[in-house]
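There are 2 protein chains.
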Amino acid sequence: MLAEIITIGDELLIGQTIDTNSAWIGEQLSLLGISVHRITSITDNESHIISALNQASNRVQLIIITGGLGPTKDDLTKQTLCKYFNTELELNTAILNQLEKRYKAFNVSFSKVNQDQALLPKACSILPNTRGSASGMWFEKNEVIYISLPGVPYEMKGILTDEGFPKLKAHFTTPNVIHKTIRTIGVPESQLAELLIDWENSLKQYELKLAYLPSPGFVRLRLSGIAKDQKLEKIIISKIEELKALIGDYIYGFEKETIEMVVGNLLTQKQKTLCTAESCTGGNIGKLITSISGSSTYFNGGIISYSNAVKINTLNVNQQDIKDFGAVSQQVVEQMAKNARKILHSDYAISTSGIAGPTGGTKEKPIGSVWIAIASQNEVKSKFYTLPYNNRERNISVASSYALNFLKKEFLD
Amino acid sequence: MLAEIITIGDELLIGQTIDTNSAWIGEQLSLLGISVHRITSITDNESHIISALNQASNRVQLIIITGGLGPTKDDLTKQTLCKYFNTELELNTAILNQLEKRYKAFNVSFSKVNQDQALLPKACSILPNTRGSASGMWFEKNEVIYISLPGVPYEMKGILTDEGFPKLKAHFTTPNVIHKTIRTIGVPESQLAELLIDWENSLKQYELKLAYLPSPGFVRLRLSGIAKDQKLEKIIISKIEELKALIGDYIYGFEKETIEMVVGNLLTQKQKTLCTAESCTGGNIGKLITSISGSSTYFNGGIISYSNAVKINTLNVNQQDIKDFGAVSQQVVEQMAKNARKILHSDYAISTSGIAGPTGGTKEKPIGSVWIAIASQNEVKSKFYTLPYNNRERNISVASSYALNFLKKEFLD
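Just so you know, the protein sequences line up as chains Y and D, in that order. Residue numbering for the first sequence follows the numbering used here, starting at -14 and increasing by one per position. Residue numbering for the second sequence follows the numbering used here, starting at -14 and increasing by one per position.
Some hints here could point you the wrong way.
Heads up, the list lumps identical chains together, so a pair's fine if it works in one copy or across two of them.
Below are the DSS-like pairs computed for lysine-lysine, each with C-alpha atoms no more than 30 Å apart in a straight line [said to hold, decoys possible]:
1) Lys224 to Lys308
2) Lys327 to Lys308
3) Lys142 to Lys241
4) Lys348 to Lys368
5) Lys241 to Lys126
6) Lys308 to Lys257
7) Lys97 to Lys194
8) Lys89 to Lys229
9) Lys393 to Lys107
10) Lys86 to Lys152
11) Lys308 to Lys126
12) Lys219 to Lys229
13) Lys97 to Lys224
14) Lys393 to Lys224
15) Lys154 to Lys107
16) Lys154 to Lys241
17) Lys154 to Lys89
18) Lys350 to Lys107
19) Lys107 to Lys255
20) Lys350 to Lys86
21) Lys189 to Lys216
22) Lys229 to Lys97
23) Lys86 to Lys216
24) Lys89 to Lys348
25) Lys350 to Lys366
26) Lys89 to Lys366
These are computed hints drawn from the structure, not numbers from a lab.
Whenever a hint applies, use it, and build me the whole structure from the sequences.
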């Protein structure tokens, strides 16, 4: 079972937008046991679209198209699909009513341009879009399935998840592929690979595949196999138990769990509250924690003490200590955590102080230097990290994740 | 002058790696006046590579290939290129010597696998790689130029910048393409399109193209044209002036400017300082502001008052007002801003309080309801937004951007 992905938009070809849709779709299809044979990005132009569709339809049985469905003049995909499938646009009153309702609810005028989003090809089944105005479309021609989707990632993902993938599963018999993801933090891919040489070799006899999926600060390990019977699930579970014995120290979660989810769940279980005192991470730890719905039950709030004045006046850090040891120091970061915990009446406080870059590094404290402290009622623990990045965004993001993991390992596990 | 980009690697097709190379190459080529006609991602397999090269060579005069040049067995591109160009690998002693020197300098043993990186096709001109071991290669066949590059972005960019682009400029006379991007906030694409119908029609006589590039809360407008003489630049400038008259209220910046950059620049110019008091945005505004290097000159810090207790105890919001009007209310959000400004000794304070979802919505205050206030020394201004998303991440992100834009428009412009 082979698929191709076609992404449409000038912005992709002139590099104004990075095509993240293809990677997401590719990952999801491979989880369904469907191989992606080719990804093609083209401009929103009739002849380009038609030639790309013609070529792909000679190679594969499934073509997923994103982009070109906006309400404006530069979006030509819908008209082109009508031509390709020898059909015409017709007003879909059900979609029209839904759109009208949504615009009314948000008090936005329902203009002609918006109404035109309910003009849809006769020949397609509609995949409703509950997140935006451009519907998904499912076509069949000469035993090839075509799914056309809006280019906005949030809408595209929503339509495929809610409508497209279930329909594909019903349509094709795909192999029963089992995937299990094990999530590690704070260990480089190369080090993991060395620790796992023997374990990795032991997977072959079960035809299990292992993928290393690194992202800054994290490596996900994905185990995949095709289940011919009930055994494989059990084998995978026992392999994961072996993994825990080998690298359990680095494992923080499984499947789709993020470190902020895991910390949130542990705080909820233990009925403990958390607050933050962020310097170099500038609010990012708060942002991560509050990205979880329901975080208000354990997260009280935080103080972003970006300037020394806020550290001194609001967090009551000793001014002389900042002078003597610098803002990026054990003395300062421990006071930040201890005092934030009291001021914000929480069980735990996380604090950070570091040099995110690209400027501000020194020989003693190069870019990527970060002090992290956690205060509880009885103690304060702190740790110094030297992150290997010369990149502000990456240092902030990894420092934030490491801070949450430090809380987890030292106080919640 | 047309080009295609072919990126090679299984990791692209299964979504393990997002193809950022194509976007970068596309942007650089379009700046050189070379249009990218198509981007293709394929697996590292001889027949796939050869068919992709055959197809592309019938459409364009320049093909840039990345990936598949690693030293390991699964990288087949070099052998495949030899087949395609009817040539063979030969040992390039100059490259061999350079590689040997580099390995010695890093104290790494110069193994057979590494030495093989000096085996290069006879028929190509070599584009030296000073950042890694895989050389770039320049081929010519039937008036088509082929450039093959390693997939590591840092090496690929280095070779093109140092060697590939200068060689291309010497080889082709390229048209002078001008792109200008205008950035809007707070207006849906469809509404913009209606406001711009006449203006958009007026672009045709100059052969200017317009693209709408939406993302949550924002729409970028991109004007592109081929300059045959000095006039086009002036025409585009006058068209942008017309645009300012039509939709100036929604324009916050140009080219690569983000709202946090624009606000940061204005605060720096005016030598004013900022702080935050975030409830529903949970630290995200702080995170956006501090994503800019140098933000410590204008950003003092913030209080993330997620719980009512922090609003009352740390931000001194009147407890009775929270009871009477709710935490998501004008009364509360204005006190948050006023008090944060004083506590954090800043010229301006931004505050937010809202319902990010997916739970917590009511009939009066549905999900997406957000109060935003800005306090200055003399006044407090506040505004109520109903964001049209049923998505937590999006509500937080758009509320944060709108808060920064509210500060800009009411206090900094």
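Here is what the structure says about each hint:
1. Taking the closest pair of Cα atoms, lysine 224 and lysine 308 never come within 30 Å of each other, the shortest separation being 52 Å inside a single copy and 54 Å across copies.
2. Proximity of lysine 327 and lysine 308 under a CA criterion of 30 Å is satisfied in both settings, with 24 Å inside one chain copy and 25 Å between copies.
3. For the homomeric pair lysine 142 and lysine 241, the shortest alpha-carbon distances inside one copy (16 Å) and between copies (26 Å) are both at most 30 Å.
4. For the identical chains of this complex, lysine 348 and lysine 368 are intra-copy neighbours only, at 19 Å inside a copy versus 47 Å across copies, given an alpha-carbon limit of 30 Å.
5. Neither within a single protomer nor between protomers do lysine 241 and lysine 126 lie at most 30 Å apart by alpha-carbon distance, with minima of 36 Å and 42 Å respectively.
6. Taking identical chains as interchangeable, the C-alpha atoms of lysine 308 and lysine 257 lie at most 30 Å apart only when they sit on different chains, with a minimum of 25 Å there against 34 Å within one chain.
7. Within a single copy, lysine 97 and lysine 194 get their C-alpha atoms only as close as 52 Å, which misses the 30 Å cut-off; across copies the closest is 23 Å, which meets it.
8. For the homomeric pair lysine 89 and lysine 229, the shortest alpha-carbon distance between copies (29 Å) is at most 30 Å, but the shortest distance inside one copy (53 Å) is not.
9. In this assembly of identical chains, the alpha carbons of lysine 393 and lysine 107 never lie at most 30 Å apart, being 55 Å within a copy and 47 Å across copies at closest.
10. In this assembly of identical chains, lysine 86 and lysine 152 lie within 30 Å of each other by CA distance solely inside one copy; the values are 26 Å within and 57 Å between copies.
11. Taking the closest pair of Cα atoms, lysine 308 and lysine 126 never come within 30 Å of each other, the shortest separation being 73 Å inside a single copy and 61 Å across copies.
12. When the C-alpha separation of lysine 219 and lysine 229 is checked against a cutoff of 30 Å, the pair qualifies only within one copy, where the shortest distance is 15 Å, while the shortest distance between copies is 64 Å.
13. In this assembly of identical chains, the alpha carbons of lysine 97 and lysine 224 lie at most 30 Å apart only when taken from different copies (25 Å versus 58 Å within one copy).
14. In the homo-oligomer, the alpha carbons of lysine 393 and lysine 224 lie at most 30 Å apart inside one protomer (24 Å), although the nearest pairing across protomers, at 55 Å, exceeds that limit.
15. For a Cα distance limit of 30 Å, the shortest separation of lysine 154 from lysine 107 inside one copy, 24 Å, qualifies, whereas the shortest one across copies, 49 Å, does not.
16. Proximity of lysine 154 to lysine 241 under the C-alpha cut-off of 30 Å is restricted to the intra-copy arrangement: shortest distance 21 Å within a copy versus 41 Å between copies.
17. In this assembly of identical chains, the alpha carbons of lysine 154 and lysine 89 never lie at most 30 Å apart, being 35 Å within a copy and 54 Å across copies at closest.
18. Proximity of lysine 350 and lysine 107 under a CA criterion of 30 Å is satisfied in neither setting, with 65 Å inside one chain copy and 39 Å between copies.
19. Taking the closest pair of Cα atoms, lysine 107 and lysine 255 never come within 30 Å of each other, the shortest separation being 56 Å inside a single copy and 58 Å across copies.
20. Taking the closest pair of Cα atoms, lysine 350 and lysine 86 come within 30 Å of each other only across two copies (18 Å); inside a single copy the shortest separation is 57 Å, beyond that limit.
21. Proximity of lysine 189 and lysine 216 under a CA criterion of 30 Å is satisfied intra-copy only: 15 Å inside one chain copy versus 65 Å between copies.
22. In this assembly of identical chains, lysine 229 and lysine 97 lie within 30 Å of each other by CA distance solely across copies; the values are 24 Å between and 59 Å within a copy.
23. Within a single copy, lysine 86 and lysine 216 get their C-alpha atoms no closer than 50 Å, and across copies no closer than 47 Å, so neither meets the 30 Å cut-off.
24. Taking the shortest Cα distances, lysine 89 and lysine 348 sit within 30 Å of each other only across copies (15 Å), while inside one copy they are farther apart (60 Å).
25. In this homomeric assembly, lysine 350 and lysine 366 come within 30 Å of each other (Cα to Cα) only inside a single copy, at 20 Å, whereas the closest approach across copies is 42 Å.
26. When the C-alpha separation of lysine 89 and lysine 366 is checked against a cutoff of 30 Å, the pair qualifies only between copies, where the shortest distance is 27 Å, while the shortest distance within a copy is 54 Å.
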